[in-house]
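Engineer: Protein chains in written order, with our numbering: chain A, 1 to 264; chain B, 1001 to 1316.
Derived by calculation from the structure, the hints in this document are not laboratory data.
Glycine is no exception: its CB is placed at the ideal position from the N, C-alpha and C atoms.
Any given hint could turn out to be false.
What the hints assert, rightly or not - Covered stretches of chain B (in silico footprint by chain A; criterion: 3 or more residues with CB under 8 Å from a CB of chain A, positions within the stretch not fixed): (1) 1014–1026; (2) 1069–1082.
Claimed, not checked - To list a few chain B residues with every Cβ distance to chain A over 10 Å, as calculated: (3) I1087; (4) F1166; (5) M1275; (6) Y1298.
Listed below are the residues making up each chain.
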Amino acid sequence: MLEVKNIFKTFNAHTVNEKCALQGVDLQLNEGDFVTVIGGNGAGKSTLLNAVAGVWPVDDGSITIDGVDVTHLPEYKRAKFIGRVFQDPMMGTAPTMQIEENLALAARRGQARGLGWHISKEEREQYRQLLKDLDLGLEDRLTSKVGLLSGGQRQALTLLMASLKKPKLLLLDEHTAALDPKTAAKVLEISDRIVLENNLTTMMVTHNMKDAIAHGNRLIMMHEGRIVVDVSGERKKNLTVPELLELFNRASGTDVVSDKMLLA
Amino acid sequence: MLDFIGAIPGAASQGLIWGIMAIGVYITYRILDIADLTVDGSFCTGGAVFVVLYASGTNIWLAMLAAFVVGMVAGLVTGLLHTGCGIPAILSGILTQLGLWSVNLAIMGMKANVSINVIDKEVLNKLLVSLRFVQDVAKGDRPFTQHPIFVVGIFTLVLIGLLYWFFGTELGASLRATGSNARMASAQGININFTKVLALMISNGMVALSGSLLAQYQSFADINMGRGAIVIGLAAVIIGDVLFGKLFRNFALSLLAVSIGAILYYIVIQAVLAMGLNSNYLKLLSAAVVAIFLSVPYWKSKVHAKPARKEAAKNA
Ligand SMILES: Nc1ncnc2c1ncn2[C@@H]1O[C@H](COP(=O)(O)OP(=O)(O)O)[C@@H](O)[C@H]1O
Ligand SMILES: [Mg+2]
């Protein structure tokens, strides 16, 4: 489904702020894979997701989604394949537009937008039902501005938007990090449900090792722009946090890494 | 005082005409979240194109359409400078505005102004709006349906209807999304460079159309006629917002509020002039008023932020 081949990305090349954020990343995801991504601050997790989403072009390497080479496609063209939820709850929605307008925009992801009306009656009913399933009391607020919603409500809405038009690939970048623990758990639960129901190929960045182990069928760990740990199947299922730390220490060649640093 | 009351119909007519320009400003400033300074140039471009074409015998509607299209081209230039060349939006607008100064002069045959010969009754009668119609209606020489307030009023309503429709379409919604959250728009597959350029084109088309109406109204186009237009546009948007923001939630009504804002602006200007202000100070006055209104939300948030912080500290 996703094939990332030897990609490199350097920010601020040839300046004192030069930062090699991705240094030869290879990654292959099969259809229906749910990969959790962990790694310390600045390891390149977000950069990897941004590279896949096409926020900017990579310096080297190639990215293929569902057999289509997207390496040179701009973000808005890749959007056809990709649903995204960002860390910042403000980022995934249009705050000055209504809930139903946001959903209608997302329902047309990857389609040409013409002079037809932006939303239909049937859509409205469908959205009401989907919002009801979220169980956040949004089903009666279809015409509320999204700017009035709480962070958790927005993330749940963004998740719904990302899956409304079934994406080939769902990218979740620490999408619960900005939420309080209770809301975060709820949003994670919604994420799980949406991924399972739609059998979505998913990459989920998290800073919580327990979550990384509990969710998905595969786990990768990044360090200094590289994937240094990659476990799946039974081995991933039975992983514990101390084991994960041990794996990390060995792979990264550091032994000062503490739980705290990874959780930072 | 009597002078002032007598001047109200004229001021309202002018306000309505400028209101169309202000609606153009609303599209960039409020919907796209860009302050587009192209308008100071494209307003005059609209007037110049109209007068030159109309004076050479072109059909009045065609001449206005041409003004609209040329205005769109001005918006296109700003849009391409911004999205295609990476120049900040404000600077792109300034560059186009400066360039348009020469272009406008060239359109007018290197003269600072061109006029319509309204002494010729045949020419005058074909006009859609004219300052003279205000007086004629007052004297009873013309029916009210020819009063600029009536004609431009209908014109404005039709434009608002068209814009309401457009911004309700999928394309229009993608344009609103671009202004609301460009990153989200991109992630939803919207080509934000395209939508930004399109918004700038529509906006400047409206501005030029407004310029063509003003040129018609005053029967001439002048190289300085658009100077400070952006400030007048912003003033209208802000006045509309302050007075009707709470009341008018619907998009079409918000546009109507802008138009009313422009009318009030001109009536207030008229009142200030009637009170004896030297008209040379008008621009200073406009700038000051807009600056004050733009800073109100900022100061409000500062004042409100303080008790909230205390409150939070208490609850902690
Ligand atoms: N747009 C950018 N411009 C400059 N530097 C960036 C940019 N994005 C990320 N970086 C840098 O690249 C490194 C990896 O960042 P990131 O992928 O965000 O880390 P994380 O694993 O915490 O998500 C960091 O050093 C960060 O400062
Ligand atoms: Mg990150």
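Engineer: If any of the earlier hints don't hold here, list their numbers in rising order.
Structural biologist: 1, 2, 4
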